[in-house]
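Reconstruct the complex from the two isolated chains, following the hints.
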Amino acid sequence: MKDYRIVFEKRGRVKYISHLDLNRCMLRAVRRSGLPAWYTEGFHPHMYLMFPLALSLGAESTCEVMDLRLTEEVPPEEILNRLNPALPEGLRAYEVREPKHVTQDIGSAAYEITLVGEELTPRWEAFLAQEQILTEKKTKKGMKEIDIKPLISVESAAAEGDALHLTMRLPAGNEGNLNVSVVTDAFAAFAQTEVLVKTVLRTKIFCADGGLFF
Amino acid sequence: MLKDKIEAHLLEVQRPSRYSGGEVGQVMKDPAKVDVRFAFCFPDIYDVGMSHLGMKILYSLINSRENYWCERVFAPWSDMEEVMRREGIPLYALESLDPVKDFDFIGFTLQYEMSYTCILNMLDLAGVPILQRERGEEIAPIVCAGGPCCCNPEPLCDFFDLFILGEGEKVNLELMDLYRKMRDEGAKRSEFLHEAAKIPGIYVPSLYDVAYNGDGTVQSVTPHDGAPATVQKRVMTKMDESFYPDNVVVPFIEIVHDRVSVEVLRGCIRGCRFCQAGFLYRPFREKSADTIVKQGIALCEHSGYDELSLSSLSTSDHSQIEGVLDGLLDYTADRHINLSLPSLRIDNFSESVLEKITTVRKSGLTFAPEAGTQRLRDVINKNVTEEEVMQTCSIAFRGGYTQVKLYFMMGLPTETDEDIIGIADLAQKVVNLFYDTPDRPKGKLQVSISTATFVPKPFTPFEFEPQTEKDEIIRKQRVLRDAIKSKKIKASMHVSDISQMEAVLARGDRRIGAVLYDVWRDGGHLDAWDEFFKAERWYAAFEKNGLDPAFYANRTRSYDEVMPWDHLDYMVSKRFLIRENEKAHQGITTPPCRTACGGCGANQCLGGPCFPQKGNDRNGLV
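Quick mapping for you: the protein sequence lines, in order, are chains A and B. Letter by letter, the first sequence follows residues 0 to 213 in numbering that gives the first Met the number 0. Letter by letter, the second sequence follows residues 0 to 621 in numbering that gives the first Met the number 0.
Okay, chain B solo, but in the shape it has when bound (with noise of 0.2 Å):
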């Protein structure tokens, strides 16, 4: 029994229980009881996978169908991965220990660009063919993606069946029932595939031809066998009526977001032009504060958790939000709960919200003014000014923090050393406002500035934009450390070839499927994690397969440029985007939603405006 095979060898590595299952709240069903068996797949390790809240939600949602069985599979360490190949242990899920490769679906969820190889690497420990043409007519299992990274998912059209796009908790069942029927028919793979790409979200990339133009870029994708010409991601419209779980897989190792979270709303109203997810979970939709006050005391009763997490994109955006957190703190307190929200925006976060938290927990806090001067902020329509930073530290230090941690991107468009600096100078003024605070607390000052590699991506005003090269990086990062003057200020920066990589990646065509099975093949199998990731190894895949990082990565592309993901509808249009890049470049900002609708046309699926109040007159224009 693969069971006894693993018990065997589990003492050998590190963190066993990450491969043991056995959690409170895993869901366990009887394997004859049940018609269709899913095995939900993280491309990284469990630590990481179970603090994935999306999977939290489909596990659940699909458990809730009596006949349906969902269980979870993470990608096994180092450590295991050797003891899996050196014994024969083919990939397994871990509720029932069962092999992946007798599941009806296969399903992975793409969060990052870099998990790709892991993906091919999963498939072959699991014992499945990797490539898609390799499967055969027999129709299980259907390997298939859901996730934001599926708003491109180009570059992986080689390994999978079909891709979710948007959001699962409806699209998932109607494809599931599909599947139920088709294969108590007889159906096979391909016939399968043609009616499941006649689902709305659903996209199957084997019925689309891609041509390409003599320069390389893409000149037409065209689909076949009835498959529609665009797929149009699916949204959830009614969030108090949306699926979410009252109870989670209670891990027993320590993860990554070691906590339950209720997710506030979805979208955001904020449109910061280099923030992918600011586009694609438009349009903006907020749970009622009761549904939210409700499902958070549900998942701490039925968890044991002591920690609960506001989730969303801005949480302070909620239009109720201090409703919500008096519903919830009338909750914690008395319980030993903490309450914690991560997404809190500089410019809206009053003092009484501030007090709210404090009487919880008191610790760091973490900013993102993304770049270091005014006219930067501008250009990203980071609608964050300094003196907002400067009053919302205040508020800060006067009610008892000391660690202030602010982020900034490097090789923003129209970027120039100046901005840099200003990344140096704004830290300094954080560092000259606590010394000037009468009543500053007594602890030890420190502003740390985190810098990250700016990654242009697909469905964002940005998408038009070369990434900057990494020597340039290099040279600014260089610049902003002589700019720093106050050991107060600490600076992490650190420059790696994965920048780039994420780049390709994030706006790849499906000539790099090529180039992650070379990398895979060469030993590329945990690319997100640094000790792994090795630069020699990607750049000899790409000139074995002919094709230049460059061309995808650093190139400017023009507004006519067919793109790889032309064929997949986000909701937000390409002329909103091109309207947005242009306006970046003039460095006019573009006002949150709910003040002035932008137009981007994600309110078609509401029907109607995003925030139907007066004075938006533009409201829902495309």
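One chain only, chain A, in its complex shape (with noise of 0.2 Å):
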């Protein structure tokens, strides 16, 4: 019995499908590599294979991990060249290690995202140069306002035509989560023009100690 933490890509139209349906669909894939996949005992055995941070409905990903129990030790690159030709056309696995950190170490996660729309620039200063940027959360009580401005964290901001390329770090994993649709719905709300996220690609996720997570 042995773990290994799988790195892939999700790029293209898999970005259309949900996070219960990608946990669907590597069953599947596993089933279809022939990879000696570890079941759990009891009545309904079930795969052991786990995604540590989910991805948003829509968005794209170069650094997507799942963790997958295997019954004995397979080589990586075994691993890779038996899952990659059973997984659809835009998920790719490229990397196989040992894990390493425990999901609990999530801490945050880096986002390129295209926006489009009119005057976007000195609408995103003016949005980022709030005293407070505040916006409704669901919670089990009711919806509550929170301030996301000390959550968000703003690496580059480039212009290109009517589009504007961000890229940003939020926070990510069990102690607080924030989707980068909340960012792009309080920004659109904001800027009071509509705004066209055109794409959402996560680029890495960190520990919360700041290392990269893997």
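Hint data in this document are derived by calculation from the structure and do not stem from the laboratory. Keep in mind that the hints are not guaranteed to be accurate.
These stretches of chain B come out as covered by chain A in the derived footprint (C-beta under 8 Å, 3 or more residues) [unchecked claim]: (1) 8-17; (2) 245-254.
Quick list of in silico lysine-lysine cross-link-like pairs, DSSO-like style, CA-CA up to 30 Å [unchecked claim]: (3) B:K441 to B:K489; (4) B:K489 to B:K428; (5) A:K9 to A:K148; (6) A:K197 to B:K4; (7) B:K4 to A:K203; (8) A:K197 to B:K2; (9) B:K484 to B:K469; (10) B:K28 to A:K9; (11) B:K489 to B:K443; (12) B:K4 to B:K100; (13) A:K197 to B:K100; (14) B:K2 to A:K9; (15) A:K9 to B:K4; (16) A:K203 to B:K2; (17) B:K486 to B:K237; (18) A:K197 to B:K28; (19) B:K441 to B:K428.
With beta-carbon atoms standing in for the labels, derived distance ranges [unchecked claim]: (20) A:A125 to B:E86: 45 to 55 Å; (21) B:A332 to A:M0: 43 to 53 Å; (22) B:D245 to A:E97: 34 to 44 Å.
Nothing here was measured: the structure is a model prediction, and the numbers come from that model. We put the CB at the ideal spot given by N, CA and C, even for glycine.
In structure tokens:
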């Protein structure tokens, strides 16, 4: 029995499959791959397959992580060689490691976002210059107003025609997660103009201590 | 590009991967290298259509030809339709994301009458003229249909270039071959249709004129331009040699039947008189156990599914069913694959078969006694006795089952209140049996009764029968409710005008086309879904066109009336259907085909009896 952490891309039209559907898709892919997957004991055995960090529907990623338990040791190259032909277009595994960190270690994630709209750069600057960025967040007790400004760490903003390319880091994981859509929705509401979220790409997952998660 | 336009809006709709394609198992080809493109359209949403076995077979079949490309098309749910109409996105195929109107064939499968308006809506979304006569002389696209409802396609004649009768494994390719040749020669649409009508199994409605009697019944159907007087359905006679896919498109989302299935047999030996499938798919033909096991394993291996189902009208009628189960269980057991058998019959549900499936999965059992009394079960030829129901439930209870679902029909020919009360009595006996079972399981017993309104269908012995009207069904449901005493019995019944519309469309003639058109124009886009079906829309369209739904649904038809579908031949003779109808009214049953041949005529395609065994002296007699 051995655990493997598989890093994969989710690009193109597979971005429309939800986290739950991705899980089912990967189960079937592992079955098709013929890898010696380990199953839980008991009345309803299931494959041990775990995703430490979900990705929002519609977002793409170059750094998704999936943990898989096999009944025996298999060389990383072989795992890739068997899994990749079984994956749908847009999903591609490119790295296999031994899991080093646990899910709870995840602290943040980096994104590249492209927005399209009119005069977005000054609007974006004004948006960030606010004292507070208040948004409503659904909690168990109903809607709650929170200030997301301290949570957003913008690394760059570059205009290209009517497109605005942003890179930013947002909290991720069990200890508070901030979806990209919360930021883009707040911006659209602030800018009072149509803002098209053209692409969202997750590029890195970090631990709370700032190191890369793997 | 259409792809970008689609993608720009997919996040506005529920379950966007219904519309994005890209699943494992989809077949991609280079459009520049294919000769004929076929858009296989299922007139319902992705979740339903992707569950359909016939589509999987024909998709793989066409794609097995290197120069032909078959793609999938489904109806959008209302949210996506709104986006498509607003943004000017035409109906597109999921593989290439190319517009359907640019395909050579737009082929629909007719599985259910209430999907007809959805077909019109899909053609409109595609930007293809809905009316056949407005499509002009350019050869493409050819709008065609296959599937069980093609046995009476008359209500759809205004909209289709041609219909494909029977099984498509050969005729679809013959049709595409002819198209390819004639298109390359520069043929017009009408020229192609004339030639296509010469292929056995192809029905070109524009080559037939229908005349009506003063009372509204059909007087005659007359072919012209060399079209054959009758069109006979196509049948694959050797199931082991018939094309079957070894892979399927594996959806991302959970669909209605989320599993791979192996077809084990076609046809049915039972002859239940209400069941259209039981007559349309005759004769009975089975695959060998070896073939079934081989195909089942291939599908699991290639798809990665963890559930395999055996598909047919009555799986336990397979002559080697135990061998099939043994072979498959050998493979599935230690691979964490569930084997499911959806179509088991009460009377031959043996203990050893039950044991085999219970080793894999335990859940509720579903039976369809269809009628509450033995008298009525004899009328409909559902050859199941109360004793057999009890015996099977007893085996099931001892095997750990605690949930039993019983399906019944209401409004069957000759039905009285006594038969309705019999439904409650039968359910009560099942309840009593549970508590009388000494080693019964610990769980909570639930006996569910579900009733559906009987819809008379073409090519059944009940094609002559009137449908019971809605008010009377409501009264009968009250009778049933009053007769149920136990809290362990849960009855689910609902009544809808859908049943009457289904009856009209099933046995309608060409004049119904105008009604369909008006219902669609008035907003009827997904009428198979309760939340979108609006009865007023339908009744208004009937009135506007001077037609009475009761004429089609609730009228007794005489044996000598010309039926709108009499020029179509499904190999089951009218004489046989009349004989069976007479026997029904006398309460006389007909034994299963394996016991004695009933002489329906379907064996004509086999060139001999279906079951060439001794003592079957009427074998093949029509």
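Verification of the supplied hints:
Counting residues of the segment 8-17 of chain B whose CB lies closer than 8 Å to any CB of chain A gives 4, so the stated coverage by that chain holds, three being the minimum. Look at the segment 245-254 of chain B against chain A: 4 of its residues bring a Cβ nearer than 8 Å to a Cβ of that chain, three or more, so the hint holds. Straight-line distance between C-alpha atoms of K441 (chain B) and K489 (chain B) comes to about 19 Å, which keeps the hinted pair within the 30 Å bound. Using a Cα cut-off of 30 Å, the hinted pair K489 (chain B) and K428 (chain B) holds, with the two alpha carbons roughly 14 Å apart.
This hinted pair checks out: K9 (chain A) and K148 (chain A) have alpha carbons roughly 28 Å apart, not beyond 30 Å. Straight-line distance between C-alpha atoms of K197 (chain A) and K4 (chain B) comes to about 12 Å, which keeps the hinted pair within the 30 Å bound. Distance check on the hinted pair: K4 (chain B) and K203 (chain A) sit about 29 Å apart at the alpha-carbon level, within 30 Å; holds. Using a Cα cut-off of 30 Å, the hinted pair K197 (chain A) and K2 (chain B) holds, with the two alpha carbons roughly 14 Å apart.
The straight-line distance between the Cα atoms of K484 (chain B) and K469 (chain B) is roughly 25 Å, inside the 30 Å bound, and the hint therefore holds. The hinted pair formed by K28 (chain B) and K9 (chain A) meets the criterion: a straight-line CA distance of about 23 Å does not exceed 30 Å. Annotation: proposed proximity of K489 (chain B) to K443 (chain B) holds, straight-line Cα distance about 13 Å (limit 30 Å). Pair hint K4 (chain B) plus K100 (chain B) holds up; C-alpha atoms about 17 Å apart against a cutoff of 30 Å.
A C-alpha spacing of about 28 Å is found between K197 (chain A) and K100 (chain B), which places the hinted pair at or below 30 Å, so the restraint holds. As the CA atoms of K2 (chain B) and K9 (chain A) are separated by approximately 18 Å, the hinted pair is consistent with the 30 Å bound. Using a Cα cut-off of 30 Å, the hinted pair K9 (chain A) and K4 (chain B) holds, with the two alpha carbons roughly 21 Å apart. Between the alpha carbons of K203 (chain A) and K2 (chain B) the distance comes to roughly 28 Å, so the proposed pair stays at or under 30 Å and holds.
A hinted pair counts as satisfied when its Cα atoms are at most 30 Å apart, and K486 (chain B) with K237 (chain B) does not qualify at roughly 50 Å. Restraint check for K197 (chain A) and K28 (chain B): the C-alpha separation of about 28 Å stays at or below 30 Å, so the hint holds. About 19 Å separates the Cα atoms of K441 (chain B) and K428 (chain B), which keeps this hinted pair within 30 Å; it holds. For A125 (chain A) and E86 (chain B), the hinted distance range of 45 to 55 Å is not satisfied, since their beta carbons lie about 31 Å from each other.
Here the CB-CB span from A332 (chain B) to M0 (chain A) is close to 22 Å, at odds with the stated 43 to 53 Å. Against the hinted window of 34 to 44 Å, the Cβ-Cβ separation of D245 (chain B) and E97 (chain A) comes to about 37 Å, which satisfies the hint.
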